[in-house]
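With the sequences and hints as input, model every part of the structure.
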Amino acid sequence: MTDPVLEIRKLTKRFGALTVSDGIDFDLRPGEIHALIGPNGAGKSTLIKQICGELHPDAGAILFSGRDLAGEGSVARARRGLARTFQVSSVAPEFTALQNVVLAVQGASGATFRFLRPALGDAALTGPARAFMERVGLSGRENVPASILSHGERRRLELAMALAMEPRVFLLDEPMAGLGPEGSQEMTAILSDLRHEAPILLVEHDMDAVFTLADRISVLVYGRIIATGTVDEIRANAEVQSAYLGDDA
Amino acid sequence: MKMIKSTLAAVAMLAATTAAYAEPVKVGMITTLSGGGASLGIDARDGFMLAIKNSGNSDVEVVIEDDQQKPDVAVQLADKMIQSDKVDILTGIIWSNLAMAVVPAAVAQGKFYLSVNAAPSQLAGPGCDAHYFSISYQNDNLHEAAGAYAKEAGYKNMFILAPNYPAGKDSLSGFKRFYDGELAGEIYTQLGQTDYAAEIAQIRASGADGVFFFLPGGMGIAFMKQYAQSGVDTPLIGPAFSFDQNILQAVGDAALGVKNTANWSKDIDNEANKAFVESYQAEYGRLPSVYSSYGYDTANLMLSALDKASVSDADAFQKALEEADFDSVRGKFSFASNHHPIQDIYVREVVKEGDILTNKIVATAMTDRDNAYVGDCKM
Amino acid sequence: MFRETTVNTALVAILVAVPLVAQAAGEPFIITLATKVAIFAMAGVGLNIALGYGGLVSFGHAAFFGIGGYAAGILASHAQSYTPLMTWPFAIGGTQQMLIIWPVALAASGIAALVIGALSLRTSGVYFIMITLAFAQMVFYFAVSWPAYGGEDGLPIYVRDKFPGLNTLDPLQFFAVAFACFLLAVLVSVVLSRSRFGLALQGARQNVERVRAVGIDPYRLRLVAFVISGMITGLAGALYADLNRFVSPSMLSWQTSGEIMVFVILGGVGRHFGPLAGAALFILLEHELGSVSEYWQFLLGLLLLLVVLFAHGGLIGVLTRRPHRD
Amino acid sequence: MSAALLIEQALNGLQFGVMLFLMAAGLTLIFGVMGLINLAHGSLYMVGAFACAAVATATGSFWLGLVASLVAAALAGAIMEIVVIRRLYRRDHLDQVLATFALILMFSEGTRWLFGSFPLYLDVPEILSGAVALPGGVQYPLYRLAIIVAGIGVAILLFLLIGRTRLGIQIRAGEADREMIAALGVDIKLLYTAVFALGAALAGFAGGLVGTIQSVQVGMGEPVLILAFVVIVIGGIGSIKGAFIGALLVGITDTLGRFLLPVFFGAFMNASDATAVGSALASMLIYILMALVLVVRPGGLYGAGT
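Chains as they are written, first to last, in our numbering: chain P, 1 to 249; chain V, 1 to 379; chain Z, 1 to 326; chain H, 1 to 306.
A portion of the hints provided could be inaccurate.
Said to hold, decoys possible - Quick list of the computed label-pair ranges, beta carbon to beta carbon:
{"id": "1", "chain 1": "H", "residue 1": "F264", "chain 2": "Z", "residue 2": "V292", "range": "41 to 47 angstroms"}
{"id": "2", "chain 1": "V", "residue 1": "K274", "chain 2": "H", "residue 2": "A271", "range": "31 to 37 angstroms"}
{"id": "3", "chain 1": "V", "residue 1": "D233", "chain 2": "H", "residue 2": "T59", "range": "29 to 35 angstroms"}
{"id": "4", "chain 1": "V", "residue 1": "K360", "chain 2": "Z", "residue 2": "A91", "range": "57 to 63 angstroms"}
No wet-lab data here; the hints were simulated from the structure.
For glycine and all other residues, C-beta sits at the position ideal for the given N, C-alpha and C.
Laid out in structure tokens, this is it:
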């Protein structure tokens, strides 16, 4: 078996008396989509934030390609290839869609401190940016300000920005949220294609999408992983049934 | 673009005893009329304009502008008055830092500058100029007089303080020039400081037998009020600025009995002064301050010189100014070779006349005092 | 209404035309006023890089304006008194050449901006506003109480510094110098805002989390922007010292910081020519209102308040009827 | 240097700090609840001082004047909130800074128009004038002691108000979440006006108290305002407790710095240079303190974060 790209060991994080990450073990292997599910408040977003470097764990380690990320900030981790989408769409609202993606391409290139040439006149930036927009189905929307894109378009814009990072891991925080059935289907198709780029850690509430996409599923409840396994294993797991899927399964 | 006619182009009305000049004379007055320091500029302006009005001279046009107590604004106003209004004479500046910004450039362009107040040492020594006259004093004068008075009155261990800026430093060195006793302490406070508890505590602890302080404007008001509350009863001596008519009422009884040095007081006994105080009160409904008197004297000096010579003949006009042939409200008045006054400086005491706090002369601190920089001026 | 380019062109045309007309009409003081507009506008262009593009509300730009001014004043005063600026470790004398003074002013204000920015940018929001104000106050009090260069009295330059081939004492020629510097500053601001750096800087203003997530460090971006911003404002300060032939701590006061902000906002935040519109309007008001009433600052305050409350996007926003910049 | 002098200076620092607290409390409250940065807070201080001086002179009673300072500043604050400030809550800090900068100009010139350019008279009431002997041989002005007591009294009242009363609960809720407070059925507009008037009244009260021993003149508010900003930034914006600690810290640092730094430099310089250098450094000391605090804790001592 290949080594995991991302490996989390005994990760613990407390906010006062509340333990939001309770000795979490988790890994992500090349080429897979590993879904993380759990009820609201289980600590999914907190885990993502720790992986990105936005929060610092109290104990445990996060390894990326076998290397401990402790002490690295979010910027450094992004440069290593951790590409992230946010639970609530996070783009630069006054920029056009294209400018947003160009910004991401520029971030990946590592050459930001250039002061003379116009960024939008630089084919090395706009070329890839347009290509990424096409991949997520945003062709023709390049010059629309991000603030007036539809909700679904903004989710895809975020995905384009993640793609532009030439990532080695995708961290996707509820990409289907608020998309409606048709939008979810489109997004499912895009994500399924994305796994060839890099493995995906998928946090998602939409169970249809999770069961369609995921190779493995981990279930997080009150800060603890109560089960990890294939789709069928999780479906069959009694503990998961009672703790989580009970209501709507 | 229509530009900026003068704010107050005041032309004297009564044409009774008018001496008709070859052409009207234009005077530019740059002074502080807004913001916290406005009261000084207003007094100087009112004194100046009163003299012109009383003279009945209608050939003098005065352009008055507000410098907001900002040096850069003062410089630009001077440029405007010289370039656009084409004034012949400039006057009006209250603050030394503004004078330093305006005067050297103005006299370099051949204009006359008559100072109604500010007279920094730089303009009295090597930086003196044939076209620059100070009618008020040289900045150090009142401080020197305080030192002379402290020595005369037998103080042996004085505590001295002033704000930490050039005029403050000049003040303390001026005081020390004539005071030869011990110093119980020497403190520079922050410019614009409002609380003097820390300094008063040090005065209390120092065991001084007298305190000399130079704290102009609101600083002096705050200091004296706080001093009066502190229970320290060491006598205070200061230059007139903190005891002047325009701020005494704000200090209140805290100032009673304090000795201060001044070159003018409303009780100096001469005809010109009586007429000045009377007509000032009649015109503006308040007592004049030292700044009013400087403004008044400045205008009268200027008028006396205009009667003798035309401004366009610079050398003759300069000579006429040097003669100082006018009735000063200070009594005797003449110019030293560096164009600063030779005059008597008095010690005044703050007293109450009815409900109004004012000053009365109790002694003469210095007689025919010129200034310390005469020798440095090569004119 | 009008396109922004039309408004900008008109503004620049007016700024050039006014001194020329004034020259012909023999009103040199109006040229001085126009020069003041150009210089203040340039200080505003500097602040606009931090404020408009970086979203950094600096309430301490007077520090850079004053440091630039003092760089010019100190060099000139040493040149006039023929005393060396320093003798150790190597001897440096004063100078009256603008072409030497300007790089010094740029360097001095740049270094100050680097230090102040490096510390201030650790904070954000109101803290940033206040800490920049505090640093400027520190510099102000230092200038007031440090006796070597005049303290509160300020430092006269007496004769305007020189520029090769020009007579800077002639109002129109000095205006040309100031105007050229202003245009250069606008050019820098335009090029910068469109560059990769400018894109990232503006991205960080809108959404700093997103900029981090694409692997760009906003701290470094902002620090560089702050330094460039401080340098441009510093150069404007050097020119202002020459305009007045005088520098004083009032250039460093918090009111000056406030006024530079006013130019930017009056004209329209984040617009290349906003500071020009703002500075021109401010100086026009200052002079016109002064003749209306002794209490003209009240009217100025009222007008300013109305602009902030009701005229979104500043003067250029109103003229173009586009409250938001492109 | 005697112990008595040191005690006296410490008391001076305390008194200065308490006065700064009155200013800073209003600022920090207004920022905490409404997220508004108000540069015109110093103008309210000036309004208080002028009201106190005018009424005290007209009626001959300092105490009526002090009441007037509270009422006038609260009223001015309420009017200011309703006419102008209310429109600024949803704006960014930049607009707030500028609008309140404009208000300073209007207040200053308006006051000058009403009262003239000359400073006003205001004196300590008879009953509080003079100095008292404290244990340890310290002579201390009674009025300053009264300021310390009054300031600490107001601080306690304020803590009780915030901690124990309905208004306090609403204020704290308002800091946490504006939506929630609206859901609680509180009239948010009224609450904001009330908080603003309360902050204004505190500033006016400080103006009346301190105007008595300082110069009542136009422009008196701005130096205090800048110090108050330093205080709340050090304490952490929005925190009353932080404002209190910050105010004492600034008051004592400033007072002792002005006193001790020249002494310190006197140890290895001649007296004149030492006072000049010491004073120069002392005037920058609190800004240095502020920079240090922010470098270590960018959100201030009791701040919720940046």
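Here is what the structure says about each hint:
1. F264/H x V292/Z: 41 to 47 angstroms: violated (53 angstroms)
2. K274/V x A271/H: 31 to 37 angstroms: violated (47 angstroms)
3. D233/V x T59/H: 29 to 35 angstroms: holds (31 angstroms)
4. K360/V x A91/Z: 57 to 63 angstroms: Distance hint for K360/V, A91/Z holds at roughly 59 angstroms.
Hints 1, 2, counting from the list given before, are not met by this structure.
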